[in-house]
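Novice: Sequence:
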Amino acid sequence: MEDKKFAILIDGDNTSPQYLKTIIDEVTKEGVITYKRIYGDWTVPNLDGWKDVLLEYSITPMQQYAYTKGKNATDSAMIIDAMDILYTGKVDGFCIVSSDSDFTKLASRLREAGMVVIGMGKHQTPKPFVSACSMFKYVDLISKPAATQKPKKGKPSAPSEQDKSTQTALTDIKKAIDTMIEENADADGWLLASTVGTLLQKQFSDFDCRNFGFKKMIDLLKNMEYETKLSADKTTYYISNKSARKDGKKQQ
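Residue numbering for the sequence shown follows our numbering, beginning at 412 and increasing consecutively.
Some hints could be false.
Claimed, not checked - Derived DSBU-like pairs: lysine-lysine, alpha-carbon spacing no greater than 35 angstroms straight-line:
1) Lys626 with Lys555
2) Lys627 with Lys645
3) Lys626 with Lys432
4) Lys440 with Lys538
5) Lys626 with Lys462
6) Lys447 with Lys613
7) Lys432 with Lys633
Hints in this document: simulated from the structure, not taken from any laboratory.
Throw the hints in and build the complete structure from the sequences for me.
Specialist: Below, the structure is given as C-alpha coordinates:
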(Lines of atoms letter the chains of each structure in order from A and count residues from 1; the text may use other names and numbers.)
(Lines give C-alpha, C1' and ligand atoms only; values in the text may rest on other atoms or scores of the structure.)
Protein backbone atom coordinates (compact mmCIF):
# COMPACT_ATOMS: atom_id res chain seq x y z
CA MET A 1 0.00 0.00 0.00
CA GLU A 2 1.39 3.40 -1.02
CA ASP A 3 2.26 5.83 1.77
CA LYS A 4 -0.02 8.82 2.28
CA LYS A 5 1.39 12.17 1.16
CA PHE A 6 1.28 15.07 3.62
CA ALA A 7 1.77 18.83 3.47
CA ILE A 8 3.16 20.47 6.61
CA LEU A 9 2.15 24.11 7.08
CA ILE A 10 3.65 25.84 10.12
CA ASP A 11 2.50 29.08 11.75
CA GLY A 12 5.96 30.49 12.52
CA ASP A 13 4.52 33.30 14.64
CA ASN A 14 2.84 30.77 16.91
CA THR A 15 5.31 27.86 17.08
CA SER A 16 8.76 27.37 18.64
CA PRO A 17 11.63 25.92 16.55
CA GLN A 18 12.46 23.55 19.42
CA TYR A 19 9.50 21.38 18.37
CA LEU A 20 10.41 21.01 14.69
CA LYS A 21 12.06 17.57 15.04
CA THR A 22 8.99 16.29 16.90
CA ILE A 23 6.71 17.69 14.19
CA ILE A 24 8.68 16.03 11.37
CA ASP A 25 8.97 12.72 13.26
CA GLU A 26 5.25 12.54 14.01
CA VAL A 27 4.15 13.23 10.44
CA THR A 28 6.71 10.76 9.07
CA LYS A 29 4.99 8.04 11.10
CA GLU A 30 1.81 8.70 9.12
CA GLY A 31 3.27 8.99 5.63
CA VAL A 32 5.58 10.90 3.27
CA ILE A 33 6.05 14.66 3.56
CA THR A 34 5.78 16.37 0.18
CA TYR A 35 5.30 20.03 1.21
CA LYS A 36 7.16 21.69 4.09
CA ARG A 37 6.36 25.37 4.51
CA ILE A 38 6.56 27.86 7.37
CA TYR A 39 4.84 31.26 7.37
CA GLY A 40 5.80 34.52 9.02
CA ASP A 41 7.31 37.96 8.60
CA TRP A 42 11.00 37.10 8.24
CA THR A 43 12.00 40.78 8.45
CA VAL A 44 11.31 40.82 12.21
CA PRO A 45 13.82 39.51 14.78
CA ASN A 46 11.45 37.23 16.72
CA LEU A 47 11.70 34.59 13.96
CA ASP A 48 15.52 34.51 13.93
CA GLY A 49 15.53 31.28 15.94
CA TRP A 50 13.98 29.42 13.01
CA LYS A 51 16.67 30.16 10.43
CA ASP A 52 19.20 27.43 11.29
CA VAL A 53 16.64 24.62 11.69
CA LEU A 54 14.91 25.52 8.43
CA LEU A 55 18.08 24.67 6.53
CA GLU A 56 18.57 21.43 8.46
CA TYR A 57 15.06 20.16 7.66
CA SER A 58 14.68 21.81 4.25
CA ILE A 59 11.63 23.87 5.23
CA THR A 60 10.56 26.57 2.78
CA PRO A 61 10.03 29.96 4.51
CA MET A 62 7.04 31.87 3.13
CA GLN A 63 7.30 35.63 3.60
CA GLN A 64 4.13 37.32 4.82
CA TYR A 65 4.23 40.99 5.84
CA ALA A 66 1.93 42.24 8.57
CA TYR A 67 -0.03 44.69 6.42
CA THR A 68 -2.25 45.92 9.25
CA LYS A 69 -1.31 46.17 12.92
CA GLY A 70 -3.24 43.70 15.05
CA LYS A 71 -4.21 41.48 12.10
CA ASN A 72 -2.54 38.12 11.53
CA ALA A 73 -1.72 37.99 7.83
CA THR A 74 0.19 34.73 8.38
CA ASP A 75 -3.06 32.86 9.07
CA SER A 76 -4.63 34.07 5.84
CA ALA A 77 -1.58 33.06 3.80
CA MET A 78 -1.58 29.56 5.31
CA ILE A 79 -5.27 29.09 4.63
CA ILE A 80 -4.96 30.22 1.01
CA ASP A 81 -1.96 27.95 0.38
CA ALA A 82 -3.71 25.00 2.04
CA MET A 83 -6.64 25.34 -0.33
CA ASP A 84 -4.33 25.71 -3.32
CA ILE A 85 -2.50 22.52 -2.33
CA LEU A 86 -5.80 20.73 -1.75
CA TYR A 87 -6.97 21.49 -5.28
CA THR A 88 -3.75 20.13 -6.82
CA GLY A 89 -4.90 16.68 -5.70
CA LYS A 90 -1.31 15.75 -4.86
CA VAL A 91 -1.68 15.14 -1.11
CA ASP A 92 -3.73 12.87 1.15
CA GLY A 93 -3.45 14.95 4.27
CA PHE A 94 -2.22 18.09 6.01
CA CYS A 95 -0.35 18.87 9.20
CA ILE A 96 -1.39 22.28 10.51
CA VAL A 97 1.06 23.47 13.16
CA SER A 98 -0.35 26.23 15.35
CA SER A 99 -1.99 26.84 18.71
CA ASP A 100 -4.40 29.30 17.11
CA SER A 101 -8.15 28.66 16.89
CA ASP A 102 -8.29 30.59 13.60
CA PHE A 103 -7.47 27.33 11.79
CA THR A 104 -10.58 25.52 13.05
CA LYS A 105 -12.61 26.17 9.90
CA LEU A 106 -9.66 25.21 7.68
CA ALA A 107 -9.27 21.86 9.45
CA SER A 108 -13.00 21.18 9.09
CA ARG A 109 -12.97 22.10 5.39
CA LEU A 110 -9.97 19.88 4.64
CA ARG A 111 -11.61 16.92 6.38
CA GLU A 112 -14.80 17.51 4.37
CA ALA A 113 -12.60 17.07 1.29
CA GLY A 114 -11.46 13.67 2.56
CA MET A 115 -8.10 14.81 3.90
CA VAL A 116 -6.41 13.45 7.02
CA VAL A 117 -5.70 16.51 9.19
CA ILE A 118 -3.02 16.33 11.87
CA GLY A 119 -3.02 19.32 14.18
CA MET A 120 -0.03 20.18 16.35
CA GLY A 121 0.30 22.83 19.00
CA LYS A 122 0.70 23.44 22.71
CA HIS A 123 -1.68 21.97 25.27
CA GLN A 124 -3.42 25.36 25.64
CA THR A 125 -4.64 25.13 22.01
CA PRO A 126 -8.39 26.00 21.89
CA LYS A 127 -10.61 22.92 21.93
CA PRO A 128 -12.52 23.74 18.71
CA PHE A 129 -9.31 23.48 16.65
CA VAL A 130 -8.27 20.29 18.46
CA SER A 131 -11.64 18.67 17.83
CA ALA A 132 -11.70 19.73 14.17
CA CYS A 133 -8.56 17.70 13.41
CA SER A 134 -8.42 13.98 12.65
CA MET A 135 -5.77 13.78 15.35
CA PHE A 136 -4.03 16.42 17.46
CA LYS A 137 -0.56 16.23 19.00
CA TYR A 138 0.46 18.41 21.94
CA VAL A 139 4.06 19.06 20.93
CA ASP A 140 5.06 20.47 24.31
CA LEU A 141 3.93 17.27 26.06
CA ILE A 142 5.18 14.58 23.68
CA SER A 143 8.55 16.34 23.28
CA LYS A 144 9.39 15.95 26.96
CA PRO A 145 12.01 13.31 27.86
CA ALA A 146 10.36 10.25 29.36
CA ALA A 147 12.56 10.41 32.45
CA THR A 148 11.20 13.82 33.42
CA GLN A 149 7.66 13.09 32.30
CA LYS A 150 7.08 9.72 34.00
CA PRO A 151 4.47 10.07 36.79
CA LYS A 152 4.02 8.16 39.99
CA LYS A 153 2.00 4.97 39.89
CA GLY A 154 -1.73 5.56 39.95
CA LYS A 155 -1.35 9.25 39.14
CA PRO A 156 -0.64 9.81 35.44
CA SER A 157 0.73 13.26 34.80
CA ALA A 158 -1.45 15.93 33.25
CA PRO A 159 -1.20 19.72 33.04
CA SER A 160 -2.48 21.59 36.08
CA GLU A 161 -5.56 23.79 36.01
CA GLN A 162 -3.28 26.82 36.08
CA ASP A 163 -1.94 25.79 32.68
CA LYS A 164 -5.43 26.29 31.16
CA SER A 165 -4.98 23.06 29.26
CA THR A 166 -7.61 21.92 26.77
CA GLN A 167 -6.29 18.35 26.90
CA THR A 168 -8.96 15.68 27.35
CA ALA A 169 -9.17 14.92 31.06
CA LEU A 170 -7.99 11.57 32.36
CA THR A 171 -11.36 11.07 34.05
CA ASP A 172 -13.07 11.26 30.64
CA ILE A 173 -10.59 8.78 29.20
CA LYS A 174 -11.23 6.35 32.05
CA LYS A 175 -15.00 6.58 31.59
CA ALA A 176 -14.54 5.83 27.90
CA ILE A 177 -12.34 2.80 28.64
CA ASP A 178 -14.85 1.45 31.17
CA THR A 179 -17.57 1.74 28.53
CA MET A 180 -15.39 -0.02 25.94
CA ILE A 181 -14.78 -2.92 28.29
CA GLU A 182 -18.48 -3.15 29.17
CA GLU A 183 -19.57 -3.14 25.51
CA ASN A 184 -16.75 -5.08 23.80
CA ALA A 185 -15.15 -7.47 26.30
CA ASP A 186 -15.38 -11.23 25.85
CA ALA A 187 -17.44 -13.49 28.12
CA ASP A 188 -14.71 -13.41 30.78
CA GLY A 189 -14.47 -9.63 30.77
CA TRP A 190 -11.21 -9.24 28.79
CA LEU A 191 -10.61 -6.78 25.96
CA LEU A 192 -7.63 -6.53 23.60
CA ALA A 193 -5.48 -3.63 24.83
CA SER A 194 -4.62 -2.46 21.31
CA THR A 195 -8.33 -2.09 20.61
CA VAL A 196 -8.59 0.36 23.51
CA GLY A 197 -5.87 2.59 22.09
CA THR A 198 -7.44 2.59 18.62
CA LEU A 199 -10.93 3.43 19.92
CA LEU A 200 -9.61 6.19 22.18
CA GLN A 201 -7.86 7.87 19.25
CA LYS A 202 -11.11 7.78 17.28
CA GLN A 203 -13.13 9.19 20.17
CA PHE A 204 -10.64 11.85 21.31
CA SER A 205 -8.57 13.49 18.57
CA ASP A 206 -5.96 14.61 21.11
CA PHE A 207 -5.49 11.26 22.86
CA ASP A 208 -1.88 10.09 23.12
CA CYS A 209 -0.52 8.04 26.00
CA ARG A 210 2.63 10.21 25.88
CA ASN A 211 0.53 13.14 27.10
CA PHE A 212 0.50 11.35 30.46
CA GLY A 213 4.15 10.31 30.51
CA PHE A 214 3.99 6.84 28.96
CA LYS A 215 5.52 5.61 25.73
CA LYS A 216 3.26 2.55 25.55
CA MET A 217 -0.50 2.30 25.90
CA ILE A 218 -0.28 -0.81 28.07
CA ASP A 219 1.85 1.06 30.63
CA LEU A 220 -0.78 3.78 30.94
CA LEU A 221 -3.51 1.15 31.39
CA LYS A 222 -1.51 -0.62 34.10
CA ASN A 223 -0.93 2.70 35.83
CA MET A 224 -4.68 3.34 35.75
CA GLU A 225 -5.00 0.04 37.67
CA TYR A 226 -6.75 -2.02 35.03
CA GLU A 227 -6.10 -5.74 35.21
CA THR A 228 -3.80 -7.00 32.46
CA LYS A 229 -2.79 -10.38 31.10
CA LEU A 230 -0.61 -11.66 28.28
CA SER A 231 -1.81 -14.00 25.57
CA ALA A 232 -0.50 -17.57 25.56
CA ASP A 233 2.19 -16.68 23.02
CA LYS A 234 3.16 -13.62 25.11
CA THR A 235 2.72 -11.18 22.21
CA THR A 236 -0.62 -9.56 23.01
CA TYR A 237 -2.02 -7.83 26.08
CA TYR A 238 -5.62 -7.91 27.29
CA ILE A 239 -7.19 -5.67 29.93
CA SER A 240 -10.15 -5.97 32.24
CA ASN A 241 -11.97 -3.84 34.77
CA LYS A 242 -11.78 -5.86 37.98
CA SER A 243 -14.86 -4.15 39.44
CA ALA A 244 -16.90 -5.54 36.54
CA ARG A 245 -15.45 -9.04 36.52
CA LYS A 246 -17.82 -11.78 37.64
CA ASP A 247 -15.27 -13.78 39.61
CA GLY A 248 -13.66 -10.71 41.20
CA LYS A 249 -10.24 -12.38 41.08
CA LYS A 250 -7.25 -10.43 39.82
CA GLN A 251 -5.28 -12.13 37.08
CA GLN A 252 -1.72 -11.32 36.05
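Novice: Please verify whether lysine 626 and lysine 432 have alpha carbons no more than 35 angstroms apart.
Specialist: Given pair lysine 626, lysine 432 holds - Cα atoms ~17 angstroms apart, limit 35 angstroms.
Novice: Holds or violated: are the alpha carbons of lysine 626 and lysine 555 at most 35 angstroms from each other?
Specialist: holds, 11 angstroms
Novice: Taking only the CA atoms, is the gap from lysine 432 to lysine 633 under or equal to 35 angstroms?
Specialist: holds, 30 angstroms
Novice: Does lysine 440 pair with lysine 538 here, judged by a C-alpha cut-off of 35 angstroms?
Specialist: Holds, at roughly 24 angstroms.
Novice: Decide if the proposed pair is consistent with the structure: lysine 626 and lysine 462, CA atoms, cutoff 35 angstroms inclusive.
Specialist: holds, 31 angstroms
Novice: Measure nothing beyond the straight line between the CA atoms of lysine 447 and lysine 613; if it is 35 angstroms or shorter, mark the hint as holding.
Specialist: holds, 26 angstroms
Novice: Would the hint linking lysine 627 and lysine 645 be met if the CA-CA limit is 35 angstroms?
Specialist: Measuring from Cα to Cα gives roughly 16 angstroms; hence the hint holds.
The earlier numbered hints are all upheld by this structure, with none contradicted.
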